[in-house]
Structures are given as C-alpha cells and as structure tokens.
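Chains A and B, in that order, are what the protein sequence lines are.
Throughout the first sequence, residue numbering follows the numbering used here, covering 1 to 329 in sequence.
Throughout the second sequence, residue numbering follows the numbering used here, covering 1 to 329 in sequence.
Simulated from the structure, these hints should not be mistaken for lab results.
Yeah, the Cβ is synthetic: ideal placement off N, Cα and C, and Gly gets one too.
Just so you know, not all the hints are guaranteed correct.
Stated by the list, open to error - Calculated cross-link-like contacts (lysine-lysine; reagent style DSBU-like; alpha-carbon spacing at most 35 Å): (1) K22/B / K52/A; (2) K22/B / K74/A; (3) K301/A / K265/B; (4) K301/A / K22/A; (5) K22/A / K301/B; (6) K74/A / K301/A; (7) K235/A / K301/B; (8) K52/B / K22/A; (9) K52/A / K74/A; (10) K74/B / K301/A; (11) K235/A / K301/A; (12) K74/B / K22/A; (13) K235/B / K92/A; (14) K92/A / K190/B; (15) K301/B / K301/A; (16) K52/B / K265/B; (17) K301/A / K265/A; (18) K329/A / K301/B; (19) K190/B / K235/B; (20) K265/A / K74/B; (21) K265/B / K74/A; (22) K74/A / K301/B; (23) K92/A / K329/B.
Claimed, not checked - To give an idea of the chain A side of the interface with chain B (calculated C-beta under 8 Å), a few residues: (24) R5; (25) L8; (26) A77; (27) V176.
Stated by the list, open to error - Coverage of chain B stretches by chain A, computed from C-beta distances (three or more under 8 Å per stretch; other residues unrestricted): (28) 3 to 14; (29) 92 to 103; (30) 175 to 186.
Here is how the chains run, residue by residue.
There are 2 protein chains.
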Amino acid sequence: MSEIRKNLITGEYVILAPERAKRPSDFECPVKHEAPPERVDNCPFCPGNEDKTPPHNYICPDAGAWTCRCIPNKFSALSSEGDMWRNEEGLKVVMAGVGRHEVVIETPYHNRCLAVLPDEAMKCYMSTCLHRFNAFYADPRVEHVILFKNHGAAAGTSLEHPHSQIVGLPMTPAQVRYRAQDACDYFDDKGSCLVCRTIEEEASDGRRVIMETDNFLAFIPYAALSPFHTWIFPKRHMPCFTAITGTELDELAVVLKTVLWKVYKGLCNPDYNYVIRSGAPSDCNADHLHWYVAIVPRVTKAAGFELGTGMYINPSIPEASAEFLRDVK
Amino acid sequence: MSEIRKNLITGEYVILAPERAKRPSDFECPVKHEAPPERVDNCPFCPGNEDKTPPHNYICPDAGAWTCRCIPNKFSALSSEGDMWRNEEGLKVVMAGVGRHEVVIETPYHNRCLAVLPDEAMKCYMSTCLHRFNAFYADPRVEHVILFKNHGAAAGTSLEHPHSQIVGLPMTPAQVRYRAQDACDYFDDKGSCLVCRTIEEEASDGRRVIMETDNFLAFIPYAALSPFHTWIFPKRHMPCFTAITGTELDELAVVLKTVLWKVYKGLCNPDYNYVIRSGAPSDCNADHLHWYVAIVPRVTKAAGFELGTGMYINPSIPEASAEFLRDVK
Numbered sequence: 001m002s003e004i005r006k007n008l009i010t011g012e013y014v015i016l017a018p019e020r021a022k023r024p025s026d027f028e029c030p031v032k033h034e035a036p037p038e039r040v041d042n043c044p045f046c047p048g049n050e051d052k053t054p055p056h057n058y059i060c061p062d063a064g065a066w067t068c069r070c071i072p073n074k075f076s077a078l079s080s081e082g083d084m085w086r087n088e089e090g091l092k093v094v095m096a097g098v099g100r101h102e103v104v105i106e107t108p109y110h111n112r113c114l115a116v117l118p119d120e121a122m123k124c125y126m127s128t129c130l131h132r133f134n135a136f137y138a139d140p141r142v143e144h145v146i147l148f149k150n151h152g153a154a155a156g157t158s159l160e161h162p163h164s165q166i167v168g169l170p171m172t173p174a175q176v177r178y179r180a181q182d183a184c185d186y187f188d189d190k191g192s193c194l195v196c197r198t199i200e201e202e203a204s205d206g207r208r209v210i211m212e213t214d215n216f217l218a219f220i221p222y223a224a225l226s227p228f229h230t231w232i233f234p235k236r237h238m239p240c241f242t243a244i245t246g247t248e249l250d251e252l253a254v255v256l257k258t259v260l261w262k263v264y265k266g267l268c269n270p271d272y273n274y275v276i277r278s279g280a281p282s283d284c285n286a287d288h289l290h291w292y293v294a295i296v297p298r299v300t301k302a303a304g305f306e307l308g309t310g311m312y313i314n315p316s317i318p319e320a321s322a323e324f325l326r327d328v329k
Numbered sequence: 001m002s003e004i005r006k007n008l009i010t011g012e013y014v015i016l017a018p019e020r021a022k023r024p025s026d027f028e029c030p031v032k033h034e035a036p037p038e039r040v041d042n043c044p045f046c047p048g049n050e051d052k053t054p055p056h057n058y059i060c061p062d063a064g065a066w067t068c069r070c071i072p073n074k075f076s077a078l079s080s081e082g083d084m085w086r087n088e089e090g091l092k093v094v095m096a097g098v099g100r101h102e103v104v105i106e107t108p109y110h111n112r113c114l115a116v117l118p119d120e121a122m123k124c125y126m127s128t129c130l131h132r133f134n135a136f137y138a139d140p141r142v143e144h145v146i147l148f149k150n151h152g153a154a155a156g157t158s159l160e161h162p163h164s165q166i167v168g169l170p171m172t173p174a175q176v177r178y179r180a181q182d183a184c185d186y187f188d189d190k191g192s193c194l195v196c197r198t199i200e201e202e203a204s205d206g207r208r209v210i211m212e213t214d215n216f217l218a219f220i221p222y223a224a225l226s227p228f229h230t231w232i233f234p235k236r237h238m239p240c241f242t243a244i245t246g247t248e249l250d251e252l253a254v255v256l257k258t259v260l261w262k263v264y265k266g267l268c269n270p271d272y273n274y275v276i277r278s279g280a281p282s283d284c285n286a287d288h289l290h291w292y293v294a295i296v297p298r299v300t301k302a303a304g305f306e307l308g309t310g311m312y313i314n315p316s317i318p319e320a321s322a323e324f325l326r327d328v329k
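In isolation and in its complexed conformation, chain A is listed as follows:
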C-alpha cells in the first residue's frame, strides 16, 4: 500500500511507492568508476595547472602547497561586474544578472572526493566554504548565497576533479521565500522553530537517524524526496551558516564526510548533489529560520510527474534507507 507523506520543511508531499520499492542495496551505482590518477595533466584544477584558470580569490592558509582554493567560475552564471538594476514592462519582469560565482577546488588530488578526504583536509574545505559565504555576503549586491556540489555526470558535473560551487544571487529565490513563509507560519502557530522541533522528534524517534554528534543530527527525512535523501541539521538554532562556531565547523566537517563516506561505500560511489541551505546574515535573529545541509544521491530520475506537480515519487522507505546507512561502517 502506497502512502503520501508531507514534508513540512519543504512544504511538499512525497509518494512512497512500495509497489516500486527496492531493497536499499538495489540502488547501488551500476557504473563501477575506474579510480582516476592522483593528477591529470590536462585537468585545469590539478596542481601545476593554476594558469589554466582565473587567479584564485581565496586559498586555505596552509603550511605548504595549497589544500583548498577558490577561483572565479570561468563559465559564471552571473556577471561579476556591473551594478544592480531592475525593470518591469507589462509582464516582463527582469533584473541584472550580477553577483558572484566561484568554484571551490576541494583538494589538489584529482582522485580524492570528499568521502575519502582526511579529516584535516575536510576541515580546510569547510572553513573555505565559510570564508566564501562571508565574503559573498559582504558584496552589497548579494542577497542570497547557495553552496552546492555536483558529483558525477547524473548530478550535472562535467569536470571530474573534486569541486563545489558557490553562487551569490542578487535576489532571493521564490522557493526560499515560500519555505521561509511556511516556517514563519509554523513559528507563529506553535511558538517554536520547525527545524529545532524536527531535530527533537527525529532524535527521540531514532528510526531515520544516520548519526548524531554533540552538535549535529544526520537523518533521512520522514518525507524524503528520493532514496537516501539526507539532511544534516545543526542542533543549535542558527538562521545563517555564517553564525557557526569553529568547534561546530570542525564537527560538521567530520559529520558531512562520514555521511558521504557511508553513501560512497554503501552505494558504490553514486552521483549526488549536496547543498548548504541557509538564510542570509541579515536573518541572524529570525526565530523561524535554521540553516542545514541536504544531500541527494542521484539514484532515481525526476521526470514528467515531478515537473508537473513539484511532488516526488520515492521508491524506497526512509526508515530502511537510514538503517542501511547506519550500518555502513
């Protein structure tokens, strides 16, 4: 019997379809990726090829060679130069596509994805992300910052060298506004942050938890949009990622890496996306906003149904997916 669960945080319903359900191990990546070499001569992100990309905007302070660095995206979605403008003519609402778009080269090693990075390198990566979040928001044109990673072709990347991207938009996406409004309505009705409340419920229920630390809870949402869709929530109420402490950041590095390792190991290195969804620093006192990390392995494909409804069909059971990932050591 199918059931439809509502994801209160995204606002959307998900069909859990047991008729289509598979065992968690059935989602293993069918393509066994050849391990690439440590360095690839013509890779623009490999050490020694720094002249093939624009100069870096930031490099993680380090004793020797670079560990993690940020460069402007050569194929930027937004123009880095120019002022903001807006125009409206009849139904044509348009504004300048100005803002920031950088690539975070996660590691000098071509063959070390986040899942297999040493803890220290992972901490460098996280502190680089935080630095760029702050730097982007310092640009007066930037209203909203999103950090994301596309791992593998199905997740939308064409370059193999491990990298993330960070975009500073000159406006706030409508989807972000809708969800914030729902969270605000929840706060007004219940007097608590929906994310804080979810952490309490999920931690005490336990069936969907993947791992828990002092400051973070990693779990499969009750209404996960796809198999192994995972959320990492900071336990402390924080609207914006930039409010994270050094201790929390180091802990997040380990939690994120551990979850990605479980996905990598349990599902044979599937393609995936991960994003940091956060409010802006100007939201820092909002009672209803709470940043988090979302990881979506690309083991199923969104198609016409998803396009036409905004809903998802999930052929897995969140509780079974969580148990599977919990058991990957």
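Once you have looked at the hints, place chain B on chain A.
Just chain B now, with coordinates in the frame of chain A:
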C-alpha cells in the same frame, strides 16, 4: 551580461547566462538513436502482447485494430484499491497513497513517437487523454490529475514504446496550490487571468511565438526554465482541460504534434517531458486558473543549484530558441 527574468506563472526566477550561451543548434541530441522496428517481440506494449499487461481500461473507438489504449500501470505509484485516510502525529503528516495511475499506449507502432504520428492518430491520442482525465475525476478519491510523458532515458523512461502516463492524486500538490494562489493574487490585483494576459502580450510581441492557430498559442516563455521550454496555451479561458471542445481538442492534437515535430527535427529527437497542467473540474468557474501544456526538452541537466534554490540557469536565449523552432518546417 547575464539577466534574471521572473516567470510570473511559475513564480520563479531564471538566470539567462550568455557566458554559457550556445547557439540553438548546439543543443542537438548528441546520441543518434537507431530507428527501432515497427514491432518488438518482447515489448509489452506492442500488438499481440496485450496479455503481458493488465487488461485495458479504455481503448480508443476505432474501426479495426486498436490505435490508442490505456492500461493500469503495473508499477503504480498509487494503490488503486482502498479508501482515503489521513493521520497526523507530531510532525508526521501522512495519508493513504490511493488513486489512479495508468499508462496511455499512444500507438500500436513501436517506432512512431508523437512527433511523427499521423494527425488522425494524434487526435485519437488526445481524445483518449481527455477521456481518462474525465474518468479519473469521476473517482471520488481523486483531487488532482496530471498527464505527462517521459520521452527517452534522460527524461526518465525505461520503456521505448511510445507511451504517456496519467496519475490521479488524492490530494493537490503544494506547488499547484502555490501557483494557484499567485494567480489568484494577480487576478485580485489586476482583474484579469494571468494566462489570458500572457497570451495577449506574447501574441502581440511575437518574438517568442513558435506557432499560432485560431485556438492555441505555442511559445517559449519569457523566463523559460531551460532551452526550448515551450508552452501551449488555449486562447479561450478554461480552468480545466475537461472543458475543451471537440474542435479545440483536434486543433490541440495538431499543434502539439507540430511543436514536437519541430523539436524532433530541429534537435535530432532529444529526450523530453511534456505535461498537461490543469485545474480540477471543480475549479471550472475560477477566473484565475487556466490549463496549459508544457514541453521541456532535456538538453541541459538540473543540478545542485536548482535543487538548492528552485531556480534554473538557462544557457539559451528564449527569443533565439523560438526563432529556431519557428524556422523548422
């Protein structure tokens, strides 16, 4: 210089990124599909194999062999039996996954996709879709019906034989509700239907029009979410697809087929999704709702950015895409 356009009907912003822009012909499907044979022995949707699927629920009335038929989906997302129920326990909101899910086998011929179907067969297909829309809404458990097609692997299909799907949900998707609310707000502010108003503006502007008939306008939206994203709007104000007349339905068959042919021919048979987005018959008197058809060729990939923001990056210019499709004869 990038620009950000707002799609008033979907509510979302789209980044038009000329840094990434390509000529329309650059989006040609790189895989040259081998033309399959007219009939495939082990295809469950080919004539002679009717016993490999559940018995049909509907077959298009025809003089001889069947032209188009509907069968229950063997891997239904929803349970066809059972009553509706709802439950709420803390943050866990859940309901029965009951409803309808059928496959529309568009043609007996394994190798004739909609783009190359004769007009008469296309009209049979459209009248079958309309019949099933009505039949689904006659089920008291069904609140919202969506018809969609996944053409090709990138669009999410695994079966080659031309087919569409129709789902009758026991609830209305949140995305549908959000958009309806925006359309209602527009009506309240301006006193006109946003879709009717868009038809007037697009027809008189003309730069994004692909084709126009007495009753339909096919065009690339001003804020198209991806290259060749196309909308077909009925000119007469109609909240629900089920209100279409016989004349309009026949005309839609020809317009849809012509647009799909232009995509097929101009881009070498790319994968695509198409959906009919419609209100329910109970909305039939709504001043602010207006059904339409959306076609999304899968020539780019949604990735982490889209996942984290709900926005899209479109590396093409809608006006150039429309001109390209207009010119495909």
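Hints, verified against the model:
| no. | hint | verdict |
| --- | --- | --- |
| 1 | K22/B / K52/A | holds (22 Å) |
| 2 | K22/B / K74/A | holds (15 Å) |
| 3 | K301/A / K265/B | holds (25 Å) |
| 4 | K301/A / K22/A | holds (15 Å) |
| 5 | K22/A / K301/B | holds (25 Å) |
| 6 | K74/A / K301/A | holds (29 Å) |
| 7 | K235/A / K301/B | holds (33 Å) |
| 8 | K52/B / K22/A | holds (22 Å) |
| 9 | K52/A / K74/A | holds (10 Å) |
| 10 | K74/B / K301/A | holds (19 Å) |
| 11 | K235/A / K301/A | holds (31 Å) |
| 12 | K74/B / K22/A | holds (15 Å) |
| 13 | K235/B / K92/A | holds (20 Å) |
| 14 | K92/A / K190/B | holds (15 Å) |
| 15 | K301/B / K301/A | holds (11 Å) |
| 16 | K52/B / K265/B | holds (33 Å) |
| 17 | K301/A / K265/A | holds (21 Å) |
| 18 | K329/A / K301/B | holds (33 Å) |
| 19 | K190/B / K235/B | holds (19 Å) |
| 20 | K265/A / K74/B | holds (32 Å) |
| 21 | K265/B / K74/A | holds (32 Å) |
| 22 | K74/A / K301/B | holds (19 Å) |
| 23 | K92/A / K329/B | holds (29 Å) |
| 24 | R5 | holds (5 Å) |
| 25 | L8 | holds (6 Å) |
| 26 | A77 | holds (5 Å) |
| 27 | V176 | holds (7 Å) |
| 28 | 3 to 14 | holds (count 8) |
| 29 | 92 to 103 | holds (count 7) |
| 30 | 175 to 186 | holds (count 3) |
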